[in-house]
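Here the sequence shown is numbered in our numbering, starting from 188 and rising by one per residue.
Some hints could be false.
[Unchecked claim] Simulated restraints on C-beta separations: (1) G195 / A241: 24 to 30 Å; (2) S278 / S191: 20 to 26 Å; (3) L201 / S265: 34 to 40 Å; (4) F427 / R248: 37 to 43 Å; (5) D264 / A204: 36 to 42 Å; (6) E315 / L196: 40 to 46 Å; (7) V207 / E315: 54 to 60 Å; (8) W247 / I282: 38 to 44 Å; (9) D264 / S199: 31 to 37 Å; (10) I384 / E430: 24 to 30 Å; (11) Q291 / I384: 48 to 54 Å.
[Said to hold, decoys possible] Under the rule of at most 20 Å between Cα atoms (straight-line distance), these lysine to aspartate or glutamate pairs were calculated in the EDC-like manner: (12) K325 / E242; (13) K421 / E268; (14) K421 / E312; (15) K325 / E403; (16) K421 / E310; (17) K325 / E315; (18) K325 / E414; (19) K325 / E399; (20) K421 / E315; (21) K421 / E311; (22) K421 / E403; (23) K392 / E272; (24) K392 / E328; (25) K421 / E242; (26) K421 / E272.
By construction, these hints were calculated from the structure, which means they are not laboratory data. By construction, the Cβ of each residue, glycine as well, lies at the ideal position given by its N, Cα and C atoms.
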Amino acid sequence: MNPSTLIGLIASALLLATVVLFTAQAPGTFFNLTGLAIVLTGTLAASFISYPLAEMQRLWRQIAVVFRREPLAAELDSDLEQLIEMSRHWSRGNIRAIEGTLEQTTNPFLRTGMQMVIANTREEEIREMLRWRMVRVKARERIEAQILRTMAVYAPAFGMLGTLVGLINMLEVIQAGDLAVIGPRLAVALMSTFYGILLANLVFKPIAVKLERRTEARLMAMTLLLEGICMVSKRRLPAFIEEALNTYRVEHHDEMRDSPGTFAATPATETS
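Starting from the given sequences, assemble the full structure and let the hints guide the process.
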């Protein structure tokens with residue numbers, strides 16, 4: 188599981204335990220299936236009305252990504268190694284070796300770019316095609332995060348709906364003065380709002396931010412591969428490509444000023 192997601196889940200569990208165990212005389216008060224059903228059913232119904240079925244189905248698959256550790260850095264390292272290997276073959280004119288490497292490449296973005304290179308496609312056309320694919324990825328994954336943000340808006344609204352339903356039902360029996368009858372209706376009224384706010388700010392919005400950050404990381408990796416492919420297209424030396432890609436990957440805390448007592452330098456890369 189993704190470490191930050193695991194920490195968030197543990198913190199969420201501690202928060203709920205604090206609310207339920209230390210602030211209520213009867214912990215069962217915070218468990219109201221009627222209020223929860225109103226919020227969840229209403230939120231899902233409004234979301235399915237708002238978005239196409241295909242996008243909703245794709246969203247559930249993407250949510251699973253948040254709850255597992257993504258080997259994005261390891262995959263990028265593997266892709267860059269394959270790119271550098273293919274640049275060496277390209278400099279020697281060994282197209283057959285490049286095709287053999289492409290058969291083992293699992294990254295369709297890298298595979299498409301290098302296929303265009305060995306087809307002697309112009310650099311401008313390669314860049315245009317790959318940037319179009321990046322725009323498509325950004326648009327598709329932004330929709331998934333947008334769905335979750337929309338659900339975060341719907342959840343408190345249906346929580347208020349549950350509150351209104353509970354208050355209306357309570358007013359119908361308030362003249363009887365029987366707390367055994369009034370209590371459950373008041374619980375529905377209050378707990379619906381509680382569930383709506385909790386789901387919006389502890390489930391839907393955090394997952395949306397997580398997906399947005401994942402998209403940013405994927406686009407950065409695709410940009411790095413794009414620059415490497417364009418350098419191969421321009422027949423740059425493999426040593427230069429490797430050094431340039433390593434330079435692009437260096438992470439600086441501050442690009443304008445180093446921290447006191449530190450010296451940020453790009454490690455030299457051994458070339459053969």
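Holds or violated: K421 to E403, with C-alpha atoms at most 20 Å apart: 27 Å, violated
Outcome for the supplied range 48 to 54 Å, where the beta carbon pair is Q291 and I384: 49 Å, holds
Restraint status (C-alpha distance of K421 to E312 at most 20 Å): Since the Cα atoms of K421 and E312 sit roughly 13 Å apart, the hinted pair holds (cutoff 20 Å).
Distance restraint between K421 and E315, which requires alpha-carbon spacing of 20 Å or less: Answer holds: K421 to E315 is near 15 Å, not above 20 Å.
Distance restraint evaluation - D264, S199, Cβ atoms, bounds 31 to 37 Å: About 33 Å separates the Cβ atoms of D264 and S199, which means 31 to 37 Å holds.
Outcome of range test on Cβ distance (W247, I282; 38 to 44 Å): 42 Å, holds
Consistency of beta-carbon spacing, L196 to E315, with hint 40 to 46 Å: 43 Å, holds
20 Å limit on alpha-carbon distance, applied to hinted pair K325 and E403: 8 Å, holds
Pairwise hint evaluation, E310 against K421, where the allowed Cα distance is 20 Å at most: 7 Å, holds
Pairwise hint evaluation, E268 against K421, where the allowed Cα distance is 20 Å at most: Roughly 19 Å between the alpha carbons, so the hint for K421 and E268 holds.
Satisfaction of the hinted span 37 to 43 Å by the C-beta atoms belonging to F427 and R248: 40 Å, holds
Distance restraint between K325 and E315, which requires alpha-carbon spacing of 20 Å or less: Holds: K325 and E315 sit about 15 Å apart, inside 20 Å.
Going down the numbered hints, you'll see the structure goes against 2, 10, 22, 23, 25, while the others check out.
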